[in-house]
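K.L.:
Now for the letters of each chain:
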Amino acid sequence: MSFKITVASGKGGTGKTTVATNLYWSLVKNFDNDTLLVDCDVEEPDDLLFFKNAILRSEVKVTQAVPEINTSKCTYCRKCVEYCEYNAITVIPPVQYASIAPDLCHSCGACLYACQDDALIEKDHEIGLMSGYDVGFGKGLLEGRLKIGSAAQTPVIRRVKKEALDAASVILFDAPPGTSCSVVTSVLDADFVIMVTEPTPFGLHDLKIAVELIREMDLPFGVVINKAGLGDRAVYDYLEDEGIDILEEIPFNEEYARKFSEGMILSRIDKNYAIHYQKIIRKILEFKQQ
Amino acid sequence: MIRELTVLSGKGGTGKTSITAALGSFAKNAIFTDCDVDAADLHLLFNPDILETHAFEGGTKAEIDPDACIGCGICQDACRFDAIKRTDHGWFEIDSLHCEGCRLCERLCPESAIFSIRSMNNQWFVSDTRFGPLVHARMGPGEENSGKLVTTVREKAREIARSKNYNIIINDGPPGIGCPVIASLAGIHKILLVAESSESGYHDLLRIIELISKYDVDIFGIINKFDVNAGISERIVSILQSNNIKITGKIPFDKKFVEAMVQGKTISEYAPGSAIVKVIRNTWEMISS
Numbered sequence: 001m002s003f004k005i006t007v008a009s010g011k012g013g014t015g016k017t018t019v020a021t022n023l024y025w026s027l028v029k030n031f032d033n034d035t036l037l038v039d040c041d042v043e044e045p046d047d048l049l050f051f052k053n054a055i056l057r058s059e060v061k062v063t064q065a066v067p068e069i070n071t072s073k074c075t076y077c078r079k080c081v082e083y084c085e086y087n088a089i090t091v092i093p094p095v096q097y098a099s100i101a102p103d104l105c106h107s108c109g110a111c112l113y114a115c116q117d118d119a120l121i122e123k124d125h126e127i128g129l130m131s132g133y134d135v136g137f138g139k140g141l142l143e144g145r146l147k148i149g150s151a152a153q154t155p156v157i158r159r160v161k162k163e164a165l166d167a168a169s170v171i172l173f174d175a176p177p178g179t180s181c182s183v184v185t186s187v188l189d190a191d192f193v194i195m196v197t198e199p200t201p202f203g204l205h206d207l208k209i210a211v212e213l214i215r216e217m218d219l220p221f222g223v224v225i226n227k228a229g230l231g232d233r234a235v236y237d238y239l240e241d242e243g244i245d246i247l248e249e250i251p252f253n254e255e256y257a258r259k260f261s262e263g264m265i266l267s268r269i270d271k272n273y274a275i276h277y278q279k280i281i282r283k284i285l286e287f288k289q290q
Numbered sequence: 001m002i003r004e005l006t007v008l009s010g011k012g013g014t015g016k017t018s019i020t021a022a023l024g025s026f027a028k029n030a031i032f033t034d035c036d037v038d039a040a041d042l043h044l045l046f047n048p049d050i051l052e053t054h055a056f057e058g059g060t061k062a063e064i065d066p067d068a069c070i071g072c073g074i075c076q077d078a079c080r081f082d083a084i085k086r087t088d089h090g091w092f093e094i095d096s097l098h099c100e101g102c103r104l105c106e107r108l109c110p111e112s113a114i115f116s117i118r119s120m121n122n123q124w125f126v127s128d129t130r131f132g133p134l135v136h137a138r139m140g141p142g143e144e145n146s147g148k149l150v151t152t153v154r155e156k157a158r159e160i161a162r163s164k165n166y167n168i169i170i171n172d173g174p175p176g177i178g179c180p181v182i183a184s185l186a187g188i189h190k191i192l193l194v195a196e197s198s199e200s201g202y203h204d205l206l207r208i209i210e211l212i213s214k215y216d217v218d219i220f221g222i223i224n225k226f227d228v229n230a231g232i233s234e235r236i237v238s239i240l241q242s243n244n245i246k247i248t249g250k251i252p253f254d255k256k257f258v259e260a261m262v263q264g265k266t267i268s269e270y271a272p273g274s275a276i277v278k279v280i281r282n283t284w285e286m287i288s289s
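Residue numbers (our numbering), protein chains in the order written: chain A, 1 to 290; chain B, 1 to 289.
Hints are computed from structural coordinates only; laboratory data are not their basis. Incorrect hints may have been included.
Okay, derived cross-link-like pairs now, DSBU-like style, lysine-lysine, Cα gap no bigger than 30 Å in a straight line [stated by the list, open to error]:
(1) 265/B with 255/B
(2) 256/B with 259/A
(3) 123/A with 85/B
(4) 85/B with 79/A
(5) 28/B with 190/B
(6) 147/A with 214/B
(7) 85/B with 161/A
(8) 123/A with 255/B
(9) 148/B with 214/B
(10) 148/B with 123/A
(11) 85/B with 288/A
(12) 279/A with 278/B
(13) 208/A with 61/B
(14) 250/B with 52/A
(15) 255/B with 271/A
(16) 156/B with 256/B
(17) 265/B with 79/A
(18) 28/B with 61/B
(19) 148/B with 79/A
Throw the hints in and build the complete structure from the sequences for me.
P.N.:
Quick look at the structure:
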C-alpha cells in the first residue's frame, strides 16, 4: 500500500505548487526514492514548470463516454431527459430534435437504462490529457491536464488518480485550490493532508472552509504557513483555538519569491530552505508511526 | 444598456479580488458579484450588510435504507462512480463522497430502498456595501454545482441592475478554467485579466487566454507583482499584445496590499495617493470608456 499525501489549500496562490514540488524533492532525497508526484490541479497544472529537465514518457488522452442519440431510432419519448439529473439532454418531439451536451454529461449511464429504443450509443469524448514525466529524480511526475473549454475537471482527476494507484511507495498529490467537488476527488483517500495557507485575512477565511471540508471527510491533516511574516496573527490564533498542528512556517522572502517565479525547486539549492521540508517530513512520519 | 465585466486570472492568488475591490472606489453606479463561490473573499474587503439570504439547492446524494435493502447488488453493478459498497452484513451502503447524485441506483432498485437527499448547504446573499450592492455566496464545503451557483448569483445581479438602473456589473471571477469560470463568462462584455510575473502565472495566463478567445468581448490585462520577475513580465506584455489585449498598467509587488487587507480596506482607500492606485484608476478609465 502506498502512503498518500495530498497538498491542498482553500485559497489559490498560497504556495501549494511550491510546497508540493519542494516536498517531492525532499521526500526523494531524504526519505524514499520511490516517490511519485501527481498534479491534480488539472485546470492549471504547474508542477511541470518546476522540472526543467523533465522528459515525457507517456501521454494518454483522457476521455469521457458521452452518449449520442441516433435520431433514426429515437421515438422522442423523452424518458432519457427525465432520467438525466444534469439537464444534459434536450429532446423536442414536435421538431424531432434530440441531442446531448457533452459539457453537462457526467457519464452516469442513466439515459442508457432509460432508452427503450436502443437509440443511444456512447462515444468517447476528449476531456484532457494524462502525461507521465521523468524528472531526473524519484519516480517522476504524473500530470492531468483539462482540455481548455471542458468543464469535466473531476473525471480527469479520477483518471489520473486511478493511474497513480499503488504506483510508488509514497505518492504526493497536488490538489486544486478551493473546496468544491474537484478538491474532494483529489483529497478523497489521502493518508495525510497538508494544507498550505498564508497569514492574511483571505488566507484565513479560505483555510477555515478547507478545514471544515477535511474534518467532514475525517482525514488527518496539518497546516503549513507559507509567506510567514506577511499579514497578521489571526491565522495563528485560529489554529491555536482549533488545536490544529502547524507543520512548519516558511518565511516570506523576496529572494525566494523571485526564485519560485522562475520555477526553481529551492530546497535543492538552499540548505536553509531545505530544512523547512525536512521538518515537514519528520512531522508526517511521526504521524505515520503513531 | 447594462455592461458586464468579469475579472479573471487563471492562476489563483494573482490579486484578482484585491484589484476588483480597488476598482470599487472608481466605478460609479456599479453592482458587484463574487463568482469565486467556493473561496469567496470579496466580502472581507467590502464588509457587506446582508439584506437577503437565500438557500441554493445543491446536488443530491443517494442513501440506502438498510432495512429495505435485500443485498441484490443491482445498484452496485450500475453505479459508475464506485459509490456503492457492500457492508459486512451483506447489504449495501452509499459512499457519499463518491456519489454524484445521478439517481440511477434509486431508479433501478427493485425494493425502492434507495432515496435521494438534496443538499441545502449553499447560500447566496444580496448585500449593501459602501461601493454598491454585492451579490455573493457561500458554498458548502465539497459541494457540486458551483457553476450553477455562479449563474444564480449573476442572474440576481442582473435583475437588480435592471430594476434599479445600475449600468455596470463587476464580477470577481474564480481561478482556473473549469465550470465556475465558464459560468462567469456567459453574456459578458469585458474581461480584465490579472496576470502575475511567474512561470506559473504565465502558463496559466496562456490557458485562460485560449479559453476566452472564443468569446467576442473586449479584453484588458493588468500585470501584478511585475517586478518580482521583470523578464517574465516582458513575456506577459508581448503575449497580451499579440492577442490584442489592452494593457492597463503594471503594479509592483507591495506589502500595502496585505496591510490594506488586514484592515478590511481596498488599496484605493488604504493608500489613495500611491502609484498603485493611479494604475488602478487608469485601469478603470480604460475599461469604462
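K.L.:
Now tell me, hint by hint, if it's right for this structure.
P.N.:
Hint check results:
Taken as a hint, the residue 265/B and residue 255/B pair is honoured in the structure, with Cα atoms around 14 Å apart against an allowance of 30 Å. This hinted pair checks out: residue 256/B and residue 259/A have alpha carbons roughly 22 Å apart, not beyond 30 Å. Of the pairs offered as hints, the one joining residue 123/A and residue 85/B holds, with about 28 Å between alpha carbons and a cut-off of 30 Å not exceeded. With a CA separation close to 28 Å, the supplied pair residue 85/B and residue 79/A stays within the 30 Å bound.
Pair hint residue 28/B plus residue 190/B holds up; C-alpha atoms about 17 Å apart against a cutoff of 30 Å. Under the criterion of a C-alpha separation no larger than 30 Å, the hint pairing residue 147/A with residue 214/B is consistent with the structure, at around 14 Å. Pair hint residue 85/B plus residue 161/A holds up; C-alpha atoms about 19 Å apart against a cutoff of 30 Å. Simply put, residue 123/A and residue 255/B have alpha-carbon atoms about 52 Å apart, too far for the 30 Å limit, and the pair is violated.
Proximity of residue 148/B to residue 214/B is assessed by CA-CA distance (about 21 Å); at most 30 Å being required, the pair is judged to hold. With a CA separation close to 26 Å, the supplied pair residue 148/B and residue 123/A stays within the 30 Å bound. A distance of roughly 27 Å separates the Cα atoms of residue 85/B and residue 288/A; the hinted pair therefore holds under the 30 Å criterion. Note on residue 279/A and residue 278/B: the hinted pairing is violated, with a Cα-Cα distance of about 43 Å set against a maximum of 30 Å.
This hinted pair checks out: residue 208/A and residue 61/B have alpha carbons roughly 24 Å apart, not beyond 30 Å. In summary, the hint linking residue 250/B to residue 52/A is supported, as the alpha carbons are separated by about 28 Å, within the 30 Å threshold. The straight-line distance between the Cα atoms of residue 255/B and residue 271/A is roughly 27 Å, inside the 30 Å bound, and the hint therefore holds. Restraint check for residue 156/B and residue 256/B: the C-alpha separation of about 33 Å exceeds 30 Å, so the hint is violated.
As the CA atoms of residue 265/B and residue 79/A are separated by approximately 54 Å, the hinted pair breaks the 30 Å bound. For the given pair, residue 28/B sits about 44 Å from residue 61/B by alpha-carbon distance, which is inconsistent with the 30 Å threshold. Our distance criterion of 30 Å between C-alpha atoms is met by residue 148/B and residue 79/A, whose separation comes to about 24 Å.
Hints 8, 12, 16, 17 and 18 from the earlier list are contradicted by this structure; the remaining hints agree with it.
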